[in-house]
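J.: This is what each chain is made of:
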Amino acid sequence: MTISERRVAVTGLGAIAALGHDAASLWRALLAGECGVRPIANIPIDRLTARTAAEVLGFDPHALFDARRLPMLDRTSQLALVAAREAMRQAAPAGIGALGLDANKAGVVFGAGLGVNTIDTSYHTLYGEGSNRLHPFTVPRIMPNAPASHISIDFGLRGPSFATASACASSTHAIGLAFHMIRAGLLQLAVTGGSDASLTVGHVRAWDALRVLSPDACRPFSKDRAGLVLGEGAAVLVLEEWEHAKKRGAMIHAEIVGFGMSADAADITAPDEAGAAQAISAALTDAGLQPADVQYVNAHGTGTRLNDRSETAALKRVFGDHAQRLAVSSIKSMLGHCLNAGGALEALATVLAVRDDVAPPTIGYRVFDPECDLDYVPNTSRHASIDAAISNSFAFGGFNAVLAFRKAR
Amino acid sequence: MDSAIPPLPATNADPRVDVILDIVARETKVDRNRLRLDARTDDLGIGSLDLTLAVFEIESHFGIELPLAPEPPADASMTVGMLIDQILAVLDSKPTERRAHS
Chain A
0 MTISERRVAV TGLGAIAALG HDAASLWRAL LAGECGVRPI ANIPIDRLTA
50 RTAAEVLGFD PHALFDARRL PMLDRTSQLA LVAAREAMRQ AAPAGIGALG
100 LDANKAGVVF GAGLGVNTID TSYHTLYGEG SNRLHPFTVP RIMPNAPASH
150 ISIDFGLRGP SFATASACAS STHAIGLAFH MIRAGLLQLA VTGGSDASLT
200 VGHVRAWDAL RVLSPDACRP FSKDRAGLVL GEGAAVLVLE EWEHAKKRGA
250 MIHAEIVGFG MSADAADITA PDEAGAAQAI SAALTDAGLQ PADVQYVNAH
300 GTGTRLNDRS ETAALKRVFG DHAQRLAVSS IKSMLGHCLN AGGALEALAT
350 VLAVRDDVAP PTIGYRVFDP ECDLDYVPNT SRHASIDAAI SNSFAFGGFN
400 AVLAFRKAR
Chain B
0 MDSAIPPLPA TNADPRVDVI LDIVARETKV DRNRLRLDAR TDDLGIGSLD
50 LTLAVFEIES HFGIELPLAP EPPADASMTV GMLIDQILAV LDSKPTERRA
100 HS
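If you're matching them up, the sequences are chains A and B in order.
All residue numbers for the first sequence refer to numbering that gives the first Met the number 0, where the first residue is 0 and numbers rise by one.
All residue numbers for the second sequence refer to numbering that gives the first Met the number 0, where the first residue is 0 and numbers rise by one.
Because the hints were derived from the structure by calculation, they are not lab data.
Errors might be hidden in some of the hints.
Facing chain B, according to a computed beta carbon distance under 10 angstroms, are these residues of chain A, among others [said to hold, decoys possible]:
1) Pro70
2) Met71
3) Gly129
4) Arg132
5) Leu133
6) His134
7) Pro135
8) Phe136
9) Ser148
10) Arg354
Calculated Cβ distances over 10 angstroms to all of chain A for the following chain B residues [to be verified]:
11) Val18
12) Asp37
13) Ala38
14) Asp42
Every residue gets a Cβ at the ideal spot worked out from N, C-alpha and C, and that includes glycine.
For reference, chain A alone in the conformation it holds in the complex (with noise of 0.2 angstroms):
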């Protein structure tokens, strides 16, 4: 089979988030327009200048985890277990094993996921308190792999495995390499996506004094926007080979079809409209498809002027008169930005919306913006036949990545 005929099928879906501990319950909180965007609870604030995040609150992770595993796991392993055991329920019940697979070809491509929470704890006992008695597994509970190699520990899968880092697209980058490596035939299945939890002290603090964050709430495409808001949350996709996924009658969500990735080479934080669009194009091209072949956007979106500006020239620029007919959102208005976790939330509600043709909406979206005038679905969600859609990331450091999914046929 040539590398052009390898088909790659969407076979399991997992995540947690402000809105949901499972896809499901994301999925409806999502069309329902709800806000996971919040007061900060699950950590002090009186120092902090951003009051509001999209936390994951009522999360026991000792009702989940056994006490002899918990000391191992930051937050952001703990997240990404969640999703992934979601995933992976859906997608092989029965185990990874009755699968038939080549055990060599079934691995993780997971968005590297720092253990923020545990960094902050440490340097709080190290500098705030004092003491240099550090946890002895501080160093595998921060390790930016961490998260993959539980998820590969947890199921067994020993094929080519790895964590990606480009910042707030390291998940989409992880999406996009685990559907290029079936398709070379390196894997059959891959587990992706990724996992964040940062929502620190420390973290928070660092992003106030960057001047992004806004102060009350997410407002992507909106002429009001001020800014992003911080989140946190995992999800992952479970990819597989579509001929044995067909073979096996596996429920197929939808199929991935392109990947695209650029650099802007300009600017470390500031978007560059070139680099997304040459992004986008470079999907579509891996995809396939033409411009006018697609419906839905789900848009990197984080409600700062630049990004939302940029983003939508880029999408003007490679779609032309057909932009105007695109439903474009960002649910970053409803789950915030939730970094490495970001690009595979948005996937996963990319599929979705192919899977069951309804866009989810951009909340918060209150006055219009003469450089933002695409139909960014404000509000509330809608129904309508949605054949192909991408979903993009951009991110700090000019690195771009773009996934194109397609209805299962």
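Chain B: place on chain A using the hints.
T.: The following block gives chain B in isolation, referenced to the frame of chain A:
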């Protein structure tokens, strides 16, 4: 290999040994009765991370810092008795007022 096992420490009556063994049993989930002084950590199924965690808790309990990683000599396995010897040696070299820290 039996000859490589050092003599049992003459500390059976030392209450600190019981404290150490309690912590090792708790942290490694190995039955306390199996923690004989000549038992090898390998044979007890105590992995290096479990041992590291137990040493961390022992250090916290006594307010000490063991100078080295709990590695066995190159030609022998770590035994429970060797671990206890290391800890007692550090405790005995410390002023007593530093002991109560947990």
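J.: Going through the numbered hints above, which ones does this structure break? Give me the numbers in ascending order.
T.: 3, 9, 10
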